[in-house]
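Visitor: Sequence:
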Amino acid sequence: MPDVEKSPLLQTHALRVGWDGAAVADLDDLALEARDASLMLGPSGSGKTTALFTLAGLLPPVAGEVRLAGDALWSLPAARRRALRSSRIAVVFQDMHLLGGLSVMDNLLLAPFAAGARQDRGAAMGSLERLGLAGLADRKADALSRGEAQRVAVARAVLMQPRLILADEPTASLDDDNAERVGRLLVDAAADVGAVLVIATHDRRLMTLVPGRIPLRAPGAEVAA
Numbered sequence: 001m002p003d004v005e006k007s008p009l010l011q012t013h014a015l016r017v018g019w020d021g022a023a024v025a026d027l028d029d030l031a032l033e034a035r036d037a038s039l040m041l042g043p044s045g046s047g048k049t050t051a052l053f054t055l056a057g058l059l060p061p062v063a064g065e066v067r068l069a070g071d072a073l074w075s076l077p078a079a080r081r082r083a084l085r086s087s088r089i090a091v092v093f094q095d096m097h098l099l100g101g102l103s104v105m106d107n108l109l110l111a112p113f114a115a116g117a118r119q120d121r122g123a124a125m126g127s128l129e130r131l132g133l134a135g136l137a138d139r140k141a142d143a144l145s146r147g148e149a150q151r152v153a154v155a156r157a158v159l160m161q162p163r164l165i166l167a168d169e170p171t172a173s174l175d176d177d178n179a180e181r182v183g184r185l186l187v188d189a190a191a192d193v194g195a196v197l198v199i200a201t202h203d204r205r206l207m208t209l210v211p212g213r214i215p216l217r218a219p220g221a222e223v224a225a
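So the sequence shown is numbered by our numbering: it starts at 1 and just counts up by one.
Bear in mind the hints are in silico, worked out from the structure with no lab data behind them. Every residue, glycine too, gets a C-beta built ideally from N, C-alpha and C. Don't take each hint at face value.
As the list claims (entries may be wrong) - Okay, the calculated beta carbon distance ranges per label pair: (1) G122 - P43: 40 to 46 Å; (2) E65 - A114: 26 to 32 Å; (3) G101 - L76: 48 to 54 Å; (4) G122 - P219: 18 to 24 Å; (5) S44 - G122: 37 to 43 Å.
Construct the complete structure from the given sequences, taking the supplied hints into account.
Guide: Structure representation (structure tokens):
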């Protein structure tokens with residue numbers, strides 16, 4: 001069994017990401033501890049989402065390794081990788097993945113249900129309250145604005161107290177006040193539960209809130225000195 005107490009929570013080695021075997025970007029080797037928060041900055045098309053999906057266990061790497069709490073993510077059997085993803089990894093996707101016919105509260109409670117965990121309405125309401133969404137708990141998801149839906153997706157992600165929180169452009173549709181609120185919630189949530197936070201973004205408003213940086217390089221490019 002890996003000695004998770006003596007190893008970083010999230011590690012990568014010689015990681016190259018891409019689609020269908022075609023390389024898109026290389027990542028510097030990572031060794032991130034619990035409560036570390038980092039931005040993966042870059043313009044559209046630079047490979048941020050691809051890299052995030054590889055860290056999430058959703059898209060296999062072209063080369064290299066990802067370890068979460070000592071487990072080599074892409075060496076695990078598919079069923080075990082899915083179980084690990086459900087219980088330890090939370091992803092805030094650009095398109096939110098909310099079920100429009102369900103209420104905001106029911107969308108949040110689906111996360112623990114899918115992971116086989118207890119559904120705690122009080123915890124779900126607390127997550128909504130921190131994002132100023134308590135008044136929308138009974139509203140159908142398809143009646144939300146894009147900005148509201150984005151904040152609901154963040155509330156759902158942090159509800160499960162994951163070990164790794166990955167967010168793909170979580171502030172793209174938000175004004176300055178709500179962008180800061182979402183950024184602070186993600187950073188605080190990672191600190192509260194001892195998770196690693198990685199945000200893929202081109203939103204420079206987050207640079208003062210999130211201290212770490214994860215550079216992406218063109219495949220084969222040399223690491224900057």
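Visitor: Against the structure, test the hints numbered earlier, and report the numbers of the ones violated in rising order.
Guide: 3 and 4
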